[in-house]
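Note that the protein sequences, when read in sequence, are chains A and G. Each residue of the first sequence is one higher than the last, beginning at 1 in our numbering. Each residue of the second sequence is one higher than the last, beginning at 1001 in our numbering.
Straight-line Cα separation of at most 30 Å, DSS-like style, residue types lysine-lysine; simulated pairs:
no., chain 1, residue 1, chain 2, residue 2
1, G, Lys1553, A, Lys631
2, A, Lys606, G, Lys1644
3, G, Lys1028, A, Lys429
4, A, Lys97, A, Lys238
5, A, Lys28, G, Lys1429
6, A, Lys631, G, Lys1631
7, G, Lys1606, A, Lys644
No lab work stands behind these hints, which were simulated from the structure alone. Since we're looking at a predicted model, the values are computed, not measured.
If you want the building blocks of each chain, they are given just below.
2 protein chains.
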Amino acid sequence: MSNSTFFLSAFFRPQGVALIGASRDPAKLGYAVLRNLTQHGYTGPVYPVNPKAGEILGVRCYPSVLDVPDPVELAVIIAPAATTPTIMQQCGQRGIKAAIIISGGFSEAGPAGAELERQLTDIARRHHIRLMGPNCIGVIDTHTPLDTTFVPGMPKPGVITFVSQSGAVCGGVIDWALGAGIGLSRIVTLGNQADLTETDILEGLADDDETRVIAMYLEGVDDGRRFVDVARSISMRKPILAIKVGYTEAGRKAAASHTGALAGTDSAYTAAFHQAGIIRVPHIEALFDAAISLANQPLPRGEHVAVLTNSGGPGVLASDALMANGLRLVTLTDETRFCLRQFLQPHASVINPVDMLGGADEHDYARALDALLKDPGVDAVLVINVPQVLVPAVRIVRGIAQVVHDFQAQSGGHKPVMTCLIGDVSLDKAIEFMRQAQLPLFPFPERAVLALAAMVARRKWLEAPPEIADGKLLMADSDLESTLSNLQSKISALPMKLARSAHEAARVAQEIGLPVACKIASPDISHKSDVGGVEVGLHSASAVRAAYKRIIKNARSARPDAVIEGVTVQAMARPGREVIVGAMRDPQFGPLVMFGSGGVYVELLKDVSFRLAPVTRGEALAMIEETLAGKLLSGLRGQLPADKSAVADVIVAVSQLFAADERITEMDINPLVVYDEGQGAIAVDVRVMARDT
Amino acid sequence: MSNSTFFLSAFFRPQGVALIGASRDPAKLGYAVLRNLTQHGYTGPVYPVNPKAGEILGVRCYPSVLDVPDPVELAVIIAPAATTPTIMQQCGQRGIKAAIIISGGFSEAGPAGAELERQLTDIARRHHIRLMGPNCIGVIDTHTPLDTTFVPGMPKPGVITFVSQSGAVCGGVIDWALGAGIGLSRIVTLGNQADLTETDILEGLADDDETRVIAMYLEGVDDGRRFVDVARSISMRKPILAIKVGYTEAGRKAAASHTGALAGTDSAYTAAFHQAGIIRVPHIEALFDAAISLANQPLPRGEHVAVLTNSGGPGVLASDALMANGLRLVTLTDETRFCLRQFLQPHASVINPVDMLGGADEHDYARALDALLKDPGVDAVLVINVPQVLVPAVRIVRGIAQVVHDFQAQSGGHKPVMTCLIGDVSLDKAIEFMRQAQLPLFPFPERAVLALAAMVARRKWLEAPPEIADGKLLMADSDLESTLSNLQSKISALPMKLARSAHEAARVAQEIGLPVACKIASPDISHKSDVGGVEVGLHSASAVRAAYKRIIKNARSARPDAVIEGVTVQAMARPGREVIVGAMRDPQFGPLVMFGSGGVYVELLKDVSFRLAPVTRGEALAMIEETLAGKLLSGLRGQLPADKSAVADVIVAVSQLFAADERITEMDINPLVVYDEGQGAIAVDVRVMARDT
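Using the sequences plus the hints, can you model the full thing?
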């Protein structure tokens, strides 16, 4: 571990552990933790602190942490919340530099608890103690080994580190990992994060040789931008996988505007994970399926997959899953097909998926897998076996393992092999063999494909990590007006003017040039067409006058309380393709910029892409490409391509201004009308919401 | 079983079984099948046929099936393909009425095998033998019990019947079901379906008391319309769940038109399953998760779910999954919240999800579950427990089971309870208890939610099964021209006329009324705008003349080989909302009708809904409602609602004409421009492809 994160070694490899709150009562957590500390392999001294006990579980007790002898680096505290500040103070006096508070009753339990937690943080800072928790279940390190939790059992050593913001989920995961035979390296639970946060732990894992893959269960992050920076630098070297819970919460939030409704915090997480290279997975099973695959198999060079099976149905299931996850069935070379044809049954299919039929034995699997791995177009192989009575599965997987070993030992043998055995009770030996061989094994093809998709996603991210714009050079203008006129200088907008009477509206319309559109001008009405406050295609002065009157009347009757300033008269944009560019602020991650389908399709499709702002031109173009709106701009069915370059300019300009000027809380350009290549884009409606300053 | 399907009893409850091809060699299938026939509980006589053996496994052998004594109803045949016609003949002579051919080497193995299979079918018809297979693994009936397969182990008796078109998948599923402790009723594999098809089996299961839920693994169906009719009548009484493999194949097909590209066979299956009430599930795990839940729990009355947990994280995971699957978190009544508040921890959350915190014990679970079940707004409860060291999971599930039992015993107690225990090794006792109690138990909340979503889908289908249009009354017109003019009389189309010269085009344009659109007229060019063959908004005669020349030139240069008839001059539709209505024929299910987003969005969004044609007006309206296009027609952001009724008329008319006249192979109305309510819809471009007759 690097110097800056040296503190973590006091949690994972402490010289001596004091357990404050050790209990004689097997029904108490203070007993279960002592059991794990002393019976899960830790070889350093353990000092139970309990003023009323001489010894527990055969270990001598001490009346107070002050009495504990050297060496002691880590304190594990299980005590009523109210007593913990005193205990932390004593830990400081005793020179202890790392503490895990397992007890609850702090900020999760209301204001009084939050005050206690604040005191703890103060004491920790004063005494240079790093604190994990409170309200957590501590750490497990399978390599040291050390187990400060009260969870029965300890997973076998492995290279996957699991960081959890839920102690309960972590307990469940440990139990499940034991059943699934999954090896883990460090297990960290964070509790209330009074001091150490998920980002601190990530930093500590950057240079940790025992951690090859980081799997996270996240409920939120503390400092969004720091999290992204730290995670990104780690992602360059080792994969980070995360479950982020709460992904549909965004939908529940009442929203004041298009951008607000579309953003919500979940979009911010998606944007942040993209930038940080964190691979998001949908659930716990997928988290570990992907982690095991990333830990034990090379990354595929691309998304072209060969499927090898002894049964057609599962081959089709696999093909479906591949395509649904953006992977592809590779077209095998003539050589490969010729080679397969030499030894497979005459009716076997040598078109991908390669179906060797039910009679295929271990030799067929080995030869076919070897041929597929040697096909230059194949990036990864998914091997499926529906066990047959006459060919024990363990023989099949032994053959597979040998071929994988030989192939991957060659220089350039960087192709992952995922194996799927359909069944359960008859497969014990085969499953155990694959665990020992550390080869990814799945009971259903869909799970193998999901894990493979995570590997392909990682490869793609590593090959072209998103560009990061330097926000530090951006300066806000002195006042909001300047910012807005700065914006106007960077994007083309339609000429428009406020009119305060029907007569003035007609005059303005002739000035600007007919036809025009008229819109209600009111700070209180954000969805103008909802109140009958928009009329378009007005071709004459008299039409404008009549429209003015109707609009004012409609607005007054729909919203009698609204302040009405008049009517905005605006030139009409000639028709083009309509998109939206917007920006909003996320509580965790700060400024976000958005691009997507505009007009009525904004809410219908929710076809939007977000990034942390500011963005580079390259990322702006990437945002365009990942939406349906981008496909529309590329030109469909004989349409010419639209001016994506102009759109990217608008996205960059909005992202920079918005990031620089914190007074703007939200903005929308909807629609931005985009013309054919080289002909630019025009902002038809720009809506800016700013803080009262 | 009903009379018409009496044949099935000879497969499931035969009076005596002859095994033709019994073997002494434990490495042969003929041995494994005899083992299963004699050692898996079947109490009737088993007659191994093997001319060279006196006895096998202690059972007397016969030289030929002709020598087998009474009673014998079922023949299981494992023999070289070439010998099977003779064997079938002998079975017929011997009076056997049911045969299972396990051997392969028939239609799956090429033309010679197909010829053999045809012979088998002939013999079977002649001798009134019902034939299962060939190339299948036979049947298991856990109630009789009877096992004609060679798969080791037999699942415990249950109420779920599994019908599989893949023998290999079935073998894997049996093995997996054994491990998962899943009870099954009948297991049927269909092989090549030379005689008995999936639909025949379904018919036989309609009145089968041992089958409460039907789970199917489908690769295709034999006769689409008959399948739908039979399945629909069964769905009214018992749930049918299906995996249909090949769902992305549609995307791979090259497509000649919009509708063709969007339909493919998978859309036909979706439409057929909708009509038949078959619940489609994505994979094997989901198939049995849903089957177990449907078999053992009452259907929810609606989609409002309460979540009860002892840990926040999994509660959020569950909430995410509920929303992602179209279910809802119910708002609890004040009474329920007051009741929960009485006994839960002060910091527990009594807002749904109800988080009782880590200390919750079995009594808390029981009281809280009881309170939630009694809340009138709650349709279903998802109970999550992350096992805690101090509260064994088995105590929790016992409490849950008692409350569920008491509640469901009451009249009106029709609310399902799904339980999720996160973990594995520490849960053995709890898992075993739940299996005994036949309560659905899941390791992760997402799986429970997916199963619950299947139950809600079934409830909704039962409440409003899709209307069926009577296609029998439809008559095709005598010739195609009449059909088309019949269509024109039922839908509004823009006036248009073919022009064969620039001069004629200008004259026609003035006749129809300017402005007009001009489009290339060529039987060889279906995507006109791709070749520069469309110009719109032509406001003068001279503009029309110039457009004519450009269009002809563009088309000639893009497609020198195409027959060009001239240019179609068409009135311009005033702008409205653009949708598509189309129809195509599916090889399995016949005529399909389609509705969706039109214009450039057709291919971008693939926002389409299909039905088997013809459709009723009610179903046409339902099609509209299930698309984004339907939302657009409902009116977004102050738009008035569009004329859905006119769209429904067009869908019905197209579906009827298309169903009646088989000469039309495909048609598209794209766009159909829809105006505000009461103002109708206009077909701007109607494309009809007909067979050469």
